[in-house]
Every structure is written in structure tokens, then in C-alpha cells.
Amino acid sequence: MRFANVTAAESLKLTSTRLWWILLLVLFGYVAFIAALLAGLFGAMGEQLSVTPGSPQLPDATLPPVVYSTASAVGYVFPVLLGALVTTSEFRHQTLTPTFLATPRRGVVLLAKIVVLAVAGAVYGVVALIASIGLGAPILAATGVPTALGDSETWMLAARVVLAMSLWAVVGVGLGVLVPNQVAAIVIVLAFTQFVEPILRFGATIWEWTAQIGQFLPGAASDALVGASIFASLGPGQVETVSLEWWQGGLVLFAIAAVAALAGYFGAWKRDVT
Amino acid sequence: MPTGVPIEIRSLTKSFGAVAAVSGLSFTVQPGQVTGFLGPNGAGKTTTLRVLLGLVAASSGTATFAGTAYRDLAYPLASVGTALEAASFHPGRTAANHLAVYALAAGIERCRVGTVLDQVGLTEYGDRRVGGYSLGMRQRLGLAFALLGDPGVLVLDEPVNGLDPEGIRWMRGLLRALAAEGRTVLVSSHLLTEVQQTVDEVVIISRGRLVYSGTLGDLEAGTTVVVDAPDRARLGAALSGAGSQVEQGPDGLIVIGVTAAEVGAIALAAGVPLSKLTATQEGLEDVFLELVGEGDPA
Numbered sequence: 001m002r003f004a005n006v007t008a009a010e011s012l013k014l015t016s017t018r019l020w021w022i023l024l025l026v027l028f029g030y031v032a033f034i035a036a037l038l039a040g041l042f043g044a045m046g047e048q049l050s051v052t053p054g055s056p057q058l059p060d061a062t063l064p065p066v067v068y069s070t071a072s073a074v075g076y077v078f079p080v081l082l083g084a085l086v087t088t089s090e091f092r093h094q095t096l097t098p099t100f101l102a103t104p105r106r107g108v109v110l111l112a113k114i115v116v117l118a119v120a121g122a123v124y125g126v127v128a129l130i131a132s133i134g135l136g137a138p139i140l141a142a143t144g145v146p147t148a149l150g151d152s153e154t155w156m157l158a159a160r161v162v163l164a165m166s167l168w169a170v171v172g173v174g175l176g177v178l179v180p181n182q183v184a185a186i187v188i189v190l191a192f193t194q195f196v197e198p199i200l201r202f203g204a205t206i207w208e209w210t211a212q213i214g215q216f217l218p219g220a221a222s223d224a225l226v227g228a229s230i231f232a233s234l235g236p237g238q239v240e241t242v243s244l245e246w247w248q249g250g251l252v253l254f255a256i257a258a259v260a261a262l263a264g265y266f267g268a269w270k271r272d273v274t
Numbered sequence: 001m002p003t004g005v006p007i008e009i010r011s012l013t014k015s016f017g018a019v020a021a022v023s024g025l026s027f028t029v030q031p032g033q034v035t036g037f038l039g040p041n042g043a044g045k046t047t048t049l050r051v052l053l054g055l056v057a058a059s060s061g062t063a064t065f066a067g068t069a070y071r072d073l074a075y076p077l078a079s080v081g082t083a084l085e086a087a088s089f090h091p092g093r094t095a096a097n098h099l100a101v102y103a104l105a106a107g108i109e110r111c112r113v114g115t116v117l118d119q120v121g122l123t124e125y126g127d128r129r130v131g132g133y134s135l136g137m138r139q140r141l142g143l144a145f146a147l148l149g150d151p152g153v154l155v156l157d158e159p160v161n162g163l164d165p166e167g168i169r170w171m172r173g174l175l176r177a178l179a180a181e182g183r184t185v186l187v188s189s190h191l192l193t194e195v196q197q198t199v200d201e202v203v204i205i206s207r208g209r210l211v212y213s214g215t216l217g218d219l220e221a222g223t224t225v226v227v228d229a230p231d232r233a234r235l236g237a238a239l240s241g242a243g244s245q246v247e248q249g250p251d252g253l254i255v256i257g258v259t260a261a262e263v264g265a266i267a268l269a270a271g272v273p274l275s276k277l278t279a280t281q282e283g284l285e286d287v288f289l290e291l292v293g294e295g296d297p298a
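Same order as they appear, the protein sequences are chains R and G. 1 is the number of the first residue of the first sequence in our numbering; add one for each residue after it. 1 is the number of the first residue of the second sequence in our numbering; add one for each residue after it.
These aren't lab readings, by the way, just hints derived from the structure by calculation. Take the hints with a grain of salt, since some may be wrong.
Label pairs and their in silico Cβ distance ranges [unchecked claim]:
id : chain 1 : residue 1 : chain 2 : residue 2 : range
1  : R       : Asp272    : G       : Tyr75     : 48 to 56 Å
2  : G       : Ser26     : R       : Val26     : 54 to 62 Å
3  : R       : Asp151    : G       : Asp72     : 54 to 62 Å
4  : G       : Ser59     : R       : Gly29     : 46 to 54 Å
Sample of chain R residues with no beta-carbon within 12 Å of chain G, all distances over it, derived [claimed, not checked]:
id : residue
5  : Gly150
6  : Ile213
7  : Leu262
It should be emphasised that the depicted structure is a prediction, and the values quoted were computed from it without experimental measurement. Beta carbons: idealized from backbone N, C-alpha and C, even for Gly.
Could you put the whole structure together from the sequences, leaning on the hints where they help?
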């Protein structure tokens, strides 16, 4: 049972249904819209503020990373959804039966799925960056803000966005094996990423000790990994300075994915397929 | 040409919680013939097959292919082909891609996809999404998946479900041909009449236990024979004289407990020309229902 065979099969599974490119299209449109909005809004605000002496200045240097990082800051829900949907559809459509008939070693299948989704998440990251930089940079330039495209730090940020999106797809697989019910998994992804976590992160900034815990929330860890985020910039800002190092953020995200996948493996994945 | 190996079920027990789906089941399925795996719905057929295929863990006992458990087969799809009752397809994937996924996983040449689609008569529908398939087409695709690795052993759960009469006839011919090539063919069904014309041997289970294992002919020994002659009275006397239990039926004498061949021999010995000699299907079905303890249809 060669791992490469199983990985090839899992990638054909992913690419032979329409889900991946539909989600990718929506991701591109969503990130492009938000990035263009932010670049236009803040770029214009900066111009307005600069003609009013004595008003606080948005430092030009912080703006490009905030715009470019929307790729993961608002786009991360898409790789999670992809990972969760392809995994739960195996349960929903009972394709686990032929899958485990072809590859009785179930751990190998799960590992191959994680590898394939990690690559798919990275592709999502690249496409999301094309949206955020491709629309954000020209608009920033048009409003007179330096685009920082020649800055190596910008491209390091882009690389960390790709890594974050890759890890988010793996988190999705972990969630999918942990919660095999597809509807439940979708509700959890949307409710947690769009509602629960933003509130928790906002609330966590009130006290020092909650901020210490809040930085381990997956979204916060992801923003720490990327190194810039619209959420970090818009927080109430009292103690928001507390944030993990970028590599710590990456490890936290990876640990969340690994724990979910392992728990799901010993839970639903190894259970009787009836 | 791949040859089959025996399927060996030994003291197999599987409990779901407090419910024993299969209890101490033992039987062997030989290569080179079609074996029917029969029992009413809920008798434990599917559970037995899923344990055999490593999809469900046995509580105790073993289910192997000549001693090798499914998960220990070096090339599972090339050794054992499976079509299970549940339609396990992603509706948004084409049939050709569905098969290609598992061919890739099992290291089977991609060209086999076209071969098996052709074999089950789905070639022109291969590029259609399975979501639009009829039940009969899904059954054919399930069989295509089973044939993908050109395996020596075939395990088919209710393969004629949803097939039209022409499809059923085609399936019979295919199963017989596969067995004639030396493969092991195990076909489950909850209807004896469905597989009667196809199988050489039957394994009958009820409530998770074995109730019969052997040839259909031996099973028929307990069945009823309807026989008639122009001189019905003399025929009746001859049969009674030979010790048979004879009853008057609407279209002849009903003989219980002997085969049609024995009835014929008795009539010949008595010099009575026959006008009719039938081992009734209803009789076989009655024996089956009696065996599985469902003699009184509710």
C-alpha cells in the first residue's frame, strides 16, 4: 500500500467534484472585495487626515500588511470549510466503504487526506493573496500609500499567509473526522469563525489574563502566525499587544489541527463502517 | 486468469451493544461456484460481509480469505471485489472518476476503468455524474467497482436489487461466467427465488445463526413435488406404497419429503405414465421460510 498511491487517489477525490473551485471562486471574490474596500477606505482616510494638522496619523507602513493579510484574516474560513466538507462527505455519501476497501489501513487514508488538503489550503492561500495584493496594491498606490511590494517583509508575510491557509485546511479535516455530521460541521465552522471567536477575541482584550488565554484562540494564533490582521488593528487596543510569536502561532494552529485529527481518528474514523 | 480462494468464516460473533447481529457463525465458500448467502432482512448477512471485509470489527471469531484477513491482503482490490448494498457514491463525481479514485488508491492500472465500465454496460454513461444514475445503473457501477481489480473472489451484497428483468438475466450470466473461470462468488439475497437459478450452493442464516449450508438440491429434498397422471388413483397408490406422504392437490398429487427424481422412479417402477412432475418453487420457498423461522408471513 504505497502512500503515494493513496495520496494521488485523495487528490483526485478532491478535484473530481465541483466543491473546490466553487469555494475558491467565492474566496477570491470575498477577499478581493474586503482588500479593495480596506485599501480604498484607509488610503482615502490617510489623505484626509494628512491635510488636517495635529490629527493622529495612520502610519503608511502598517497599512499594506493589514490589506494584504486579509487573504487569511477574512479568507481562512474557506480552507476550513473545504477540509471539513470533503471529510464529512465521506461519511455522508458512505464513500468510506470503497475507500477502506481500497485501503484497509485507515490511518494511511487520513494522513493522505491531510497531506492533500494541506496542499489545497496552500493553493487557496496563493489565490487569496492574488486577490488581496492584486487589488489592494493598485488601490493603495492610487491613494498615495507606498505598496511595500519591494519589501522582503511583505513577501515573508505572504509566505506565512500560505502556511496559515494550509494549516486551516488541516484544521478542517480534523474537525470533519471529529464531527462527521456534515451539517453540524458547517454550523460549527460558520458559528465559531464568524461569531463565537470574534466575540471571544474582543472580550479577551479587556483584562491582561484573558488576553493571555485569548492569544491561543485559533484565529488569534493564525493572525500571530501571519503577523498582521485587520482584527488586531481594530481591537480596542488596551492590552491587544499580547500576541504569540509567528512560529508559536503556527504551532498552536498545527496543534489544534493535530489534536482534532487524532481525536477524530480514534473516534469516528476507526469505528465500524455500517 | 485469477483463481479464487475459499472464504472461511469461523465461529464469527458480532454484537452491537447488547444485540448479537451474528452468533457463532461458521461456513466455507468454495471457489469455482456461485454461493448464495441467504436470510431474511436483519438476519446478519450484511454484518457478516462487512466483518469479512474489515469494515466492521468482529466481537470474536474470524472471517478470512484462505486464512488471510482482508486488511492483511497485499492487494485488496485485486484479490477481493466487493459490491455492497449501500450506494457508496459521491453524487457529484462521474462514474469514471469514481472508479479512477479507487484504481489509483489500490495501484490498479487506469485502463481497467474503461474495461469494467464496458463490462457492466456503462461505457456511454461513464462521464456522467452518479447523482443522475438510476438504481439499476448504480448497481452496475457497484459491480464495476467489484470487478476493477480483476479479483479472484467476489463478494456481492444484493446485486440484483433494482435491476430490470433483462439486467437480472445479464447478472446471472455474468456471475456464472465468473465462477466458471474458477473465481469464488458469494452473492447475498433475502429472496431465495432471486438467486435460485444462479447459485450452486447456499448458506442460509437466520437471526445471526447458520441454519443451512449445502447444495440447493439437498435443500429441495424437503420440498414438495406436484405430480399427476391420467390414472391418478394408481399413481397415488404406488406412491403411498413406497412410503411417501401424499395429498390431493388442485392440479395433481402433492408429495412431501421426496425429490422429483424419486417420485419419477417410483412411478416408473409401478408402470404409471406421468402427465406432470414438478418440484414447486413455492415448496422451496416454504422450506426456506421454515428454515429461517418465518413460516407465517405476517
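Against the structure, test the hints numbered earlier, and report the numbers of the ones violated in rising order. 1
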